[in-house]
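Student: One letter stands for each residue in the lines below.
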Amino acid sequence: MKKIEAIIKPFKLDEVKEALQGVGLQGMTVVEAKGFGRQKGHTELYRGAEYVVDFLPKLKLELVVADEQVEAALEAIQTAAKTGKIGDGKIFVSTIEQAIRIRTGETGDTAL
Amino acid sequence: MKKIEAIIKPFKLDEVKEALQGVGLQGMTVVEAKGFGRQKGHTELYRGAEYVVDFLPKLKLELVVADEQVEAALEAIQTAAKTGKIGDGKIFVSTIEQAIRIRTGETGDTAL
Amino acid sequence: MKKIEAIIKPFKLDEVKEALQGVGLQGMTVVEAKGFGRQKGHTELYRGAEYVVDFLPKLKLELVVADEQVEAALEAIQTAAKTGKIGDGKIFVSTIEQAIRIRTGETGDTAL
Ligand SMILES: Nc1ncnc2c1ncn2[C@@H]1O[C@H](COP(=O)(O)OP(=O)(O)OP(=O)(O)O)[C@@H](O)[C@H]1O
Ligand SMILES: Nc1ncnc2c1ncn2[C@@H]1O[C@H](COP(=O)(O)OP(=O)(O)OP(=O)(O)O)[C@@H](O)[C@H]1O
Ligand SMILES: Nc1ncnc2c1ncn2[C@@H]1O[C@H](COP(=O)(O)OP(=O)(O)OP(=O)(O)O)[C@@H](O)[C@H]1O
Ligand SMILES: [Mg+2]
Ligand SMILES: [Mg+2]
Ligand SMILES: [Mg+2]
Numbered sequence: 176m177k178k179i180e181a182i183i184k185p186f187k188l189d190e191v192k193e194a195l196q197g198v199g200l201q202g203m204t205v206v207e208a209k210g211f212g213r214q215k216g217h218t219e220l221y222r223g224a225e226y227v228v229d230f231l232p233k234l235k236l237e238l239v240v241a242d243e244q245v246e247a248a249l250e251a252i253q254t255a256a257k258t259g260k261i262g263d264g265k266i267f268v269s270t271i272e273q274a275i276r277i278r279t280g281e282t283g284d285t286a287l
Numbered sequence: 176m177k178k179i180e181a182i183i184k185p186f187k188l189d190e191v192k193e194a195l196q197g198v199g200l201q202g203m204t205v206v207e208a209k210g211f212g213r214q215k216g217h218t219e220l221y222r223g224a225e226y227v228v229d230f231l232p233k234l235k236l237e238l239v240v241a242d243e244q245v246e247a248a249l250e251a252i253q254t255a256a257k258t259g260k261i262g263d264g265k266i267f268v269s270t271i272e273q274a275i276r277i278r279t280g281e282t283g284d285t286a287l
Numbered sequence: 176m177k178k179i180e181a182i183i184k185p186f187k188l189d190e191v192k193e194a195l196q197g198v199g200l201q202g203m204t205v206v207e208a209k210g211f212g213r214q215k216g217h218t219e220l221y222r223g224a225e226y227v228v229d230f231l232p233k234l235k236l237e238l239v240v241a242d243e244q245v246e247a248a249l250e251a252i253q254t255a256a257k258t259g260k261i262g263d264g265k266i267f268v269s270t271i272e273q274a275i276r277i278r279t280g281e282t283g284d285t286a287l
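Residue numbers (this note's numbering), protein chains in the order written: chain Z, 176 to 287; chain E, 176 to 287; chain L, 176 to 287.
Careful: at least some of the hints might be erroneous.
For chains that are exact copies, the list does not tell them apart, and a pair is met inside one copy or across any two.
[Claimed, not checked] Once the Cα atoms are required to be at most 16 Å apart in a straight line, the calculated EDC-like pairs of lysine to aspartate or glutamate come out as:
id	residue 1	residue 2
1	K260	E281
2	K177	E272
3	K257	E190
4	K209	D189
5	K257	D189
6	K209	D263
7	K178	E272
8	K257	E281
9	K177	D242
10	K178	D229
11	K177	E246
12	K178	E243
13	K178	E237
Just so you know, these hints were derived from the structure itself, not from any lab.
Model, not experiment: these values are computed from the prediction.
Throw the hints in and build the complete structure from the sequences for me.
Tutor: This is how it looks when you write it as C-alpha cells:
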C-alpha cells in the first residue's frame with residue numbers, strides 16, 4: 176500500500192475528489208495547511224488578487240491506496256489539481272506497511 | 176521505529192489517549208481533519224444526528240513508537256476507538272528512520 | 176528523497192523557516208497541531224504562563240528534501256527550534272519514493 180499526499184489549492188478540492196471517485200477512490204483525509212513555496216517572495220493569485228507570498232492556504236490530501244491504484248490516483252490528482260499557474264502544488268508518495276479498518280478489524284488492501 | 180496514524184471520531188480522543196497511556200505511550204500529535212469515507216453519500220451519526228456524508232470532522236493522531244510497542248499501540252487504539260458503527264476510522268503504519276528530541280539532541284528510541 | 180517532520184513551538188516558526196532558507200530550502204507545509212508530551216501533567220511555558228499540560232498548541236512542519244540536504248535541514252531545524260526548555264519538540268525522518276510538481280509534471284529531486 177502507498178500513501179499519496181497531495182498539497183493543492185483549496186478551491187480544487189471538489190475537482191480532485193471527483194477525479195479520484197472517477198477511478199474508484201473514495202477514502203481520503205484532508206487537512207488545512209499553510210504552504211511555503213520555492214520562491215521566496217514570489218507572487219501567487221489567491222481569490223483574484225496577487226500576493227507576495229509568505230505563506231498561502233493549502234489543503235493537504237492524504238489517501239492510502241493499493242499498489243495497483245497508485246498510477247490512476249496520481250494521474251487523477253495531477254489532472255484535476257492543475258491550473259498551469261504557479262502554486263499548483265506537489266504530490267508525494269510513500270509506503271504504508273499496515274492498514275486497519277477499526278470497525279471490522281480488516282487489514283491490508285481490504286481495509287482501505 | 177514506526178509511525179502510527181489513526182483517523183478517529185473526535186469524541187474518542189480521550190479514551191484513545193488513556194488507552195495509549197495505559198501501555199506507556201504519552202507522546203502524540205493530533206491534527207484536525209476532514210474525512211471522506213468509502214461510501215459516497217452514506218450516513219454517519221454526528222452529535223446524535225444522521226448525516227448524508229460529504230465529509231465529517233475527524234482527528235488524525237500521529238504517534239511514533241519503538242518497534243516493540245507497535246502491537247500494543249495498535250491494540251489500544253483499535254479497542255478504544257471502536258464503536259461498531261460506520262465511520263470508526265482507520266489506522267496506518269509506516270517506518271520512521273530517524274527521530275530527534277530537539278531539547279537534548281537524543282536520537283532513536285530514546286528520543287520518543 | 177526524505178520527508179522531515181518537525182513538531183515545534185509555534186513562536187519558533189519564523190526562526191526555523193529562516194534557518195531552512197539559509198541552507199537553500201524554501202518548500203515547506205505547516206499544519207496546526209495539538210501536542211501531547213511525554214510526561215503526563217508536566218508543566219510547560221506558554222505565552223509566559225506555566226501550564227499543567229494536557230495538550231499544547233504546536234506546529235507540524237513537513238518538508239521533503241533531497242537525500243543530500245537531510246543533514247543540513249536537520250541541523251537547521253534543531254538549532255533554530257531549540258530553547259533548552261521542555262517541550263522543544265521532535266523531528267522525524269522517513270522515505271519519500273516519488274515527488275511530482277503538479278504545474279510542470281517534473282518528478283524526483285527536481286520537483287522539490
Ligand atoms: N519540498 C517541499 N516539501 C513539503 N511541502 C512542499 C515542498 N515544496 C512545496 N511544498 C508545498 O506545496 C505548496 C505548493 O508548492 P508550489 O506548487 O508553489 O511549488 P513550486 O515548486 O514553487 O511550483 P510552482 O513553480 O508551480 O509554484 C507549497 O505552498 C507547500 O505547501
Ligand atoms: N484510504 C484512505 N486513505 C486515507 N484516509 C482514509 C481512507 N479511508 C478512510 N479514510 C479516513 O478515515 C475516515 C473514516 O473512514 P471509515 O471508518 O468511514 O472507513 P470505511 O472503510 O468507510 O469504514 P466503515 O464501513 O466502518 O465506515 C474517513 O473519514 C477518512 O478520513
Ligand atoms: N512519540 C511521539 N510521536 C508523535 N509526536 C510526539 C511524540 N512525542 C512527542 N511528540 C510531539 O512533540 C511535542 C513536543 O514533545 P516534547 O518536546 O515535549 O517531547 P519530550 O520527550 O517530552 O521532550 P522534553 O522533555 O524536552 O519536553 C509533543 O507535544 C507532541 O506533539
Ligand atoms: Mg510556487
Ligand atoms: Mg465509512
Ligand atoms: Mg515534553
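Student: Each hint: holds or not?
Tutor: For each hint, the structure was consulted:
{"no.": "1", "hint": "K260 x E281", "verdict": "between (42 Å within a copy, 14 Å between copies)"}
{"no.": "2", "hint": "K177 x E272", "verdict": "both (8 Å within a copy, 10 Å between copies)"}
{"no.": "3", "hint": "K257 x E190", "verdict": "within (10 Å within a copy, 32 Å between copies)"}
{"no.": "4", "hint": "K209 x D189", "verdict": "between (19 Å within a copy, 13 Å between copies)"}
{"no.": "5", "hint": "K257 x D189", "verdict": "within (13 Å within a copy, 30 Å between copies)"}
{"no.": "6", "hint": "K209 x D263", "verdict": "within (14 Å within a copy, 21 Å between copies)"}
{"no.": "7", "hint": "K178 x E272", "verdict": "both (10 Å within a copy, 10 Å between copies)"}
{"no.": "8", "hint": "K257 x E281", "verdict": "between (35 Å within a copy, 13 Å between copies)"}
{"no.": "9", "hint": "K177 x D242", "verdict": "within (6 Å within a copy, 20 Å between copies)"}
{"no.": "10", "hint": "K178 x D229", "verdict": "neither (28 Å within a copy, 21 Å between copies)"}
{"no.": "11", "hint": "K177 x E246", "verdict": "within (11 Å within a copy, 21 Å between copies)"}
{"no.": "12", "hint": "K178 x E243", "verdict": "within (12 Å within a copy, 23 Å between copies)"}
{"no.": "13", "hint": "K178 x E237", "verdict": "both (7 Å within a copy, 14 Å between copies)"}
Comparing the model with each earlier hint shows a violation of hint 10 alone; every other hint is respected.
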